[in-house]
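*Asks:* Sequence:
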Amino acid sequence: MKVKKILTRLYVNDINPAIEFYKKLLNQDCNLRFKYTEMNLELAQIGNILILGGTDEALKPFKDTKVTFLVDSVKEFREFLLKNNAVIIRDLKEVPTGMNITVKHLDGTIVEYVEHKKINE
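For the sequence shown, the working numbering gives the first residue as 1, with consecutive numbering after it.
Heads up, some of the hints might be wrong.
Simulated pairs of lysine-lysine, BS3-like, Cα-Cα distance not exceeding 27 angstroms [to be verified]:
| id | residue 1 | residue 2 |
| --- | --- | --- |
| 1 | K117 | K93 |
| 2 | K66 | K117 |
| 3 | K104 | K2 |
| 4 | K93 | K66 |
| 5 | K75 | K63 |
| 6 | K118 | K35 |
| 7 | K60 | K104 |
| 8 | K83 | K93 |
| 9 | K93 | K2 |
| 10 | K35 | K4 |
| 11 | K35 | K66 |
| 12 | K104 | K93 |
| 13 | K118 | K66 |
| 14 | K23 | K63 |
| 15 | K2 | K75 |
| 16 | K118 | K75 |
| 17 | K75 | K60 |
| 18 | K2 | K117 |
| 19 | K35 | K60 |
| 20 | K2 | K63 |
| 21 | K5 | K35 |
| 22 | K118 | K5 |
| 23 | K60 | K93 |
| 24 | K63 | K4 |
| 25 | K75 | K117 |
| 26 | K63 | K5 |
| 27 | K117 | K35 |
| 28 | K117 | K83 |
| 29 | K66 | K4 |
| 30 | K4 | K104 |
| 31 | K63 | K83 |
| 32 | K60 | K5 |
| 33 | K75 | K5 |
| 34 | K23 | K35 |
| 35 | K35 | K93 |
| 36 | K117 | K5 |
| 37 | K75 | K104 |
These aren't lab readings, by the way, just hints derived from the structure by calculation.
Full structure from sequences and hints, please.
*Replies:* If you want it as structure tokens, here you go:
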């Protein structure tokens with residue numbers, strides 16, 4: 001069980017200028033970008049920044065989530081979190097990048113855990 005990366009989440013209505021700004025600010029390319037059509041969102045990752053773009057209505061269910069943890073096994077984290085008094089907000093779900101779960105930690109912080117798909121080379 002390992003947290004591989006922690007992503008700070010930013011919520012925007014227009015993702016393109018946000019991507020350009022953070023690329024310049026961090027001097028890094030956008031290493032992940034995709035449409036999450038089921039939720040009417042578009043997401044982009046630049047370094048440790050995760051940008052979620054959409055209308056206020058589309059973003060509303062996600063805005064209380066403060067951070068995303070990229071992990072090696074979302075199922076193992078689910079078991080650990082339940083044993084440690086976390087509350088499931090959105091249970092295990094297939095998402096465009098793999099699988100995720102959103103939980104409320106004991107301190108009240110809402111965190112998304114994501115396990116990226118293994119890509120066969």
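*Asks:* Failing hints, ascending?
*Replies:* none
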